[in-house]
Amino acid sequence: MSTTQTTGVEDPAVAEATSHADLTAGQRSIKDVLFYVGMLASLGIAFTALVALIALMLVQGWPRLNLDLITHFPSSIPARAGAESAVLGSIWVVGFTALFTIPLGVAAAVYLEEFADKQRWYNRLIELNIQNLAAVPSIVYGILGLGLIVQAAGLGQVVLAASLTLTLLVLPTVIIAAREAIRAVPDSIRAGSLALGATQWQTVWRQVLPASVPGIATGVILALSRAIGEAAPLVLLGGLTFIQFNPSGLDSPFTVLPIQIFNWVSRPQDEFEVLAAAAGVVLLVILLAMNSIAILVRNRFQRRW
Amino acid sequence: MDNSPSADDAPTSADAPQPAATGSGLADPALHLDTPTRAGRREIPEQPKDPVMLLRDVAVYYGGFRAVKDVNLDFGRREITALIGPSGCGKSTVLRCLNRMNDLVRGARVAGSITYHDQDLYGPKVDPIVVRRSIGMVFQKPNPFPKSIYDNIAYGPRVTGMKPGSMDELVEQALRGAALWDEVKDKLKQNAYSLSGGQQQRLCIARCIAVNPDVILMDEPCSALDPIATARIEDLMIELADRYTIIIVTHNMQQAARVADRTAFFTAEADATTGERTGLLVEYDRTGAMFHNPRDRRTEDYISGRFG
Ligand SMILES: Nc1ncnc2c1ncn2[C@@H]1O[C@H](COP(=O)(O)OP(=O)(O)OP(=O)(O)O)[C@@H](O)[C@H]1O
Ligand SMILES: [Mg+2]
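Chain order of the listed sequences is A and B. Sequence positions in the first sequence follow the numbering used here and run 35 to 339. Sequence positions in the second sequence follow the numbering used here and run 40 to 347.
The following block holds chain B by itself, in its conformation from the complex (with noise of 0.2 Å):
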């Protein structure tokens, strides 16, 4: 945890329990693959356990355009996982459609599998708002409701019908979770828009949290944000990865580095015939294997082209 001091994130006895040596790498801007990561402090086996998702070369398409294909991944019961790839390769696509937020899309449609807990996501019962009740989301830019702090927490618990014994009680364990109780407390009542950026990313996941997931998905949540936000969110991230399962999108291999158990590289390619550029994925590892010997040559062209 770092320890300089904020005018807007200033750091609080909540913060003070988190795991050690997370930013780290933050002072240093090559990689260190040495340091201390959740990967590093935990065992992870070799292939996901009882894993919460399973993807059977899934392939998306918006229209007749195939954005991505090919993608075969297992999502591990509460472990993090990066999904890293130059722009376009269809990261936030996969990601996407793993809550059904993709059926918002106009066209865009999925095909192959994606089984949640033993049941097809996409089956012809599965109703997309109770999924997103399991499943949910944070987004790259933080988009808190333009209504008080109190209200934004309250908002999941009451449009999902949770019947808590005390909203008070929950609002505040939600945002105990999201390492923000302290510094909102006192302000309960006020506009979600006169906290910072980092805090409004924290609200926006103490929000998704007060619906009790099972699965939390984060579209690039930090790159809207400063270096000390950023790293209190990836503090965050690993202290819920406890509770819940990540899956995380991330342009910063570092971040991937950092907070992921397992990563999985996508890239695009055009197609011989068409010149149609199609993501797929690439490599999917233990983050600190795929990081240290990548099995793929584009991996390890991606991975040292950043960072060689």
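Chain A with its partners taken away, still in its complex shape (with noise of 0.2 Å):
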């Protein structure tokens, strides 16, 4: 009726006839306009941050962005200084840590989800202790990895404690991510596997489970990723910053690339500097490498109900 008046109309039934024929202006375009304009500031913030960031470490590694980076071990005359034992103590510590994460998280996960009775007092303390653990902070878990794996457990400052100690980190993170995903399967599914003679086993591991890996992997690959960049609860554990040779097995000493870098920034020499934002690219550049793993998994399981 607002057309009215403006437009003067006085036929009430040509008013109603131009008020819905009018598909354009109106009041909400300008707030359409301003919500859309908010949208691509948010993201421009976010984008340029990254962008940002990315490029400050290009440009100030940039000298020292070669192989020579990855093929040799760290040395107090920066010239000769890389960073071949972090690398592959990064590589060692997450491999082990997705090692012991995925078949725990996924399992329990399955338990809670599809076995698991919610009525049992048992079960629901479970559940709220999993979610409390996802927000302990990481520096704790170094505390608890220190005492409980290094110290009682008697493994030493080693790659299993570390992988054990990340894997306790994760492990909330990958056991949340999971059950959603299962939960995220109808349950229209089960019922028609189960009304064919299937037994519930079958059911999770033929119909539930695949259908949730691409959820799986997501939560998985982005707890890893928060395992790669922790530095804090291995400088507790005691991943040195000095280590000239590659870690050889569960029982060797290591270290981590965010350890090593955090090494290099604190030195006095500014060449030192350069070596730890090359490091910083080669981090991202692994981050990247289990992002596009992520993918893969979920375009080559992709579901739709």
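Honestly, the hints are just simulated from the structure, not real lab data. Note that beta-carbon positions come from the ideal geometry of N, C-alpha and C, so glycine has one too. Any given hint could be a false lead.
Have a look at the derived ranges for each label pair, beta carbon to beta carbon [said to hold, decoys possible]:
| id | chain 1 | residue 1 | chain 2 | residue 2 | range |
| --- | --- | --- | --- | --- | --- |
| 1 | A | Gln-336 | B | Gln-179 | 53 to 59 Å |
| 2 | B | Ala-311 | A | Phe-149 | 38 to 44 Å |
| 3 | B | Arg-148 | A | Gln-165 | 30 to 36 Å |
| 4 | B | Pro-203 | A | Leu-318 | 49 to 55 Å |
| 5 | B | Glu-208 | A | Asp-285 | 51 to 57 Å |
| 6 | A | Gln-336 | B | Glu-211 | 27 to 33 Å |
| 7 | A | Ala-169 | B | Arg-148 | 52 to 58 Å |
| 8 | B | Gln-179 | A | Gly-283 | 54 to 60 Å |
| 9 | A | Ile-329 | B | Tyr-101 | 40 to 46 Å |
| 10 | B | Gly-146 | A | Asp-285 | 50 to 56 Å |
| 11 | B | Ser-152 | A | Pro-137 | 44 to 50 Å |
| 12 | A | Phe-149 | B | Asn-332 | 48 to 54 Å |
| 13 | A | Asn-166 | B | Gln-179 | 16 to 22 Å |
| 14 | B | Gly-344 | A | Ala-169 | 22 to 28 Å |
If you want the footprint, here are the derived chain A segments under chain B, 3+ residues with CB under 8 Å [claimed, not checked]:
| id | segment |
| --- | --- |
| 15 | 84-96 |
| 16 | 231-237 |
To list a few chain B residues with every Cβ distance to chain A over 12 Å, as calculated [claimed, not checked]:
| id | residue |
| --- | --- |
| 17 | Ala-98 |
| 18 | Asp-142 |
| 19 | Thr-154 |
| 20 | Lys-180 |
| 21 | Pro-181 |
| 22 | Asp-221 |
| 23 | Pro-266 |
Given two chains presented individually in distinct reference frames, assemble the corresponding complex, making use of the accompanying hints.
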């Protein structure tokens, strides 16, 4: 009816008709534009920050971004120093973290979603605990790892201790993501499978898990991305910074990229800062590679209902 | 069989040998009880002969709530039995008891006795997994697995440990049995979700008969489908009744009249003291008799209420 006043049309029927015919302007469009600009701005800020970060590291680290960086061990002479042991250390530690986390996390998620009786107090307690554990700061896991794994269990400051600590750190995230993915599988799929005479195990193995692979993969990669960037808990565990050999097994001492970077940044010589930036680029490349694996897995297993 | 062309359910040669004059009620909204139905095509004994399932004083509880009571039914071998009645009267509840799918519902409990081939379906030694291998189920909404058409059919035989001479042959037979083979034979490797709704539902029927069940339960299998796809499924049901015992829940009384040999009418009544609404079986008879001269007032009201 506002059209009647603004356009001066007398006949209400005509006004009605015009108000319906008018599909373009209106106050809403201003809000829409504002909203749109807002969205673009948010996107722009996030994107600019990312690009700036990468550009900064690339420019700063450029002089040292070559194969020498990953084929030399750390050294007190900047010109000869490299991050070979740190790159391999990161790969070893995160590789074993993945090996421990995926089966444990998925099994826990399957139990909680498919088998646990949610009325039971202990299942509810487990759930609550997992939620809370996901929010515990990583340094606390470092303390836990040092006390429980390194000292009490007597493993020492080795790759296995680091992987187990990081496993504890990221397990809650993986469980939560895997549960989400499993819950997203419609019940009609389970009912269809059970109605054919499949057991609950067969239903989980052959229907539910394959259908939730994309979601689980995403969760796992996010969690491992967090693990590969962690320095704090591993410093506590005794990740060393001056390792002139590559890890050779679960029982070898180790360092990882974030620790190496931290060490280089805190050195007085400027050359080490260049090295730190270059190593940061390497860390980013590893992260990107992990994310592309996740995308590949997701596309390979893409499902729709 | 209708011959109107449809984009996704194009008529194919597979439909040619189907029984005549089953979809004729579709064009006319009125219920034509005189149209030839399955019941009219063959002799239906007054009482089911060698019944496959016997229900005696069955009541079903969800926790403390009694959803249905006093159900006494005999399901005849290779007959189509329809369960009809207003919403909430417990048709789905009764149907799910017949292959122990109600076991999956928390707090669901069955009282009375359900006998399947002289065995107590709820006996202590009975394994619900084994029960479901003989008593298959088709759901209201088509629920194919997110797999290829082939794998959808092969899934049942694989998980139940069937060792067919040739899985390809078994898949073909099941798809032929569900009148779907000609439409999908060139795209067996395609995802089942690429099929139309009607095709998906026939795929679910094919999936069900691939494990060679004895009884097929269908809970409103056509309610998500258009009239043409519905007619095809009805034709299919009549064809399948030569080999399987079929029990179907439907809200569509024309459908019951078209396909069912016998019909069971349920209703829900509030308890005088507690006010709790419990479903019960009102009348069970041959479909023709039930629709022509219902014995119970409530049946008559329901039938004429819809079609009067
Ligand atoms: N899983 C369940 N838990 C608790 N109550 C249920 C459950 N399923 C059904 N009921 C109750 O049991 C009664 C019968 O339900 P049911 O689904 O069997 O009815 P129906 O005849 O199939 O209805 P409709 O025609 O709408 O499908 C209803 O009162 C319903 O609320
Ligand atoms: Mg129902």
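Hint by hint, here is what the structure shows:
1. Checked against the hint of 53 to 59 Å, the pair A:Gln-336 and B:Gln-179 fails, with Cβ atoms roughly 27 Å apart.
2. Separation of B:Ala-311 from A:Phe-149 is about 42 Å and conforms to the stated range, judged on CB atoms against 38 to 44 Å.
3. At about 33 Å, the beta-carbon gap between B:Arg-148 and A:Gln-165 stays in the expected band of 30 to 36 Å.
4. Taking 49 to 55 Å as the suggested C-beta distance range, the pair B:Pro-203 and A:Leu-318 conforms, at roughly 53 Å.
5. A hinted range of 51 to 57 Å holds for the C-beta pair B:Glu-208 and A:Asp-285, which are about 56 Å apart.
6. Checking the proposed 27 to 33 Å range against A:Gln-336 and B:Glu-211 shows it holds: the Cβ atoms sit about 28 Å from each other.
7. Taking the beta carbon of each, A:Ala-169 and B:Arg-148 are about 41 Å apart, not inside 52 to 58 Å as hinted.
8. The given range of 54 to 60 Å is respected by B:Gln-179 and A:Gly-283, whose C-beta atoms sit roughly 57 Å from each other.
9. Between A:Ile-329 and B:Tyr-101 the beta carbon distance is about 44 Å. The supplied range of 40 to 46 Å therefore holds.
10. Between B:Gly-146 and A:Asp-285 the CB atoms are about 53 Å apart, so this pair conforms to the stated range of 50 to 56 Å.
11. Judged by the Cβ atoms, the range 44 to 50 Å given for B:Ser-152 and A:Pro-137 holds: they are separated by roughly 45 Å.
12. Between A:Phe-149 and B:Asn-332 the C-beta distance comes to about 53 Å, which sits within the given range of 48 to 54 Å.
13. Checked against the hint of 16 to 22 Å, the pair A:Asn-166 and B:Gln-179 fails, with Cβ atoms roughly 40 Å apart.
14. Distance hint for B:Gly-344 and A:Ala-169: a CB-CB separation of about 59 Å, inconsistent with the stated range 22 to 28 Å.
15. Only residues whose beta carbon comes within less than 8 Å of a beta carbon in chain B count, and the segment 84-96 of chain A has 0; fewer than three means the coverage is violated.
16. Here the segment 231-237 of chain A counts 4 residues with a CB under 8 Å from a CB of chain B, which clears the bar of 3, and the coverage holds.
17. The Cβ of B:Ala-98 lies farther than 12 Å from every Cβ of chain A, with a closest approach of about 23 Å, so its non-interface assignment holds.
18. Once the 12 Å rule is applied to beta carbons, B:Asp-142 is inconsistent with being away from chain A; the minimum gap is 9 Å.
19. No Cβ of chain A approaches the Cβ of B:Thr-154 within 12 Å, the least distance being about 20 Å, so the stated non-interface status holds.
20. With a closest Cβ-Cβ approach of about 6 Å to chain A, B:Lys-180 is found to fall inside the 12 Å limit, against its non-interface label.
21. A cut-off of 12 Å between C-beta atoms contradicts the statement that B:Pro-181 is not in contact with chain A; the least separation is 9 Å.
22. The beta carbon of B:Asp-221 is kept farther than 12 Å from every beta carbon of chain A, the shortest such distance being approximately 24 Å.
23. With a least beta-carbon separation of about 24 Å from chain A, B:Pro-266 lies farther than 12 Å from that chain, consistent with its non-interface assignment.
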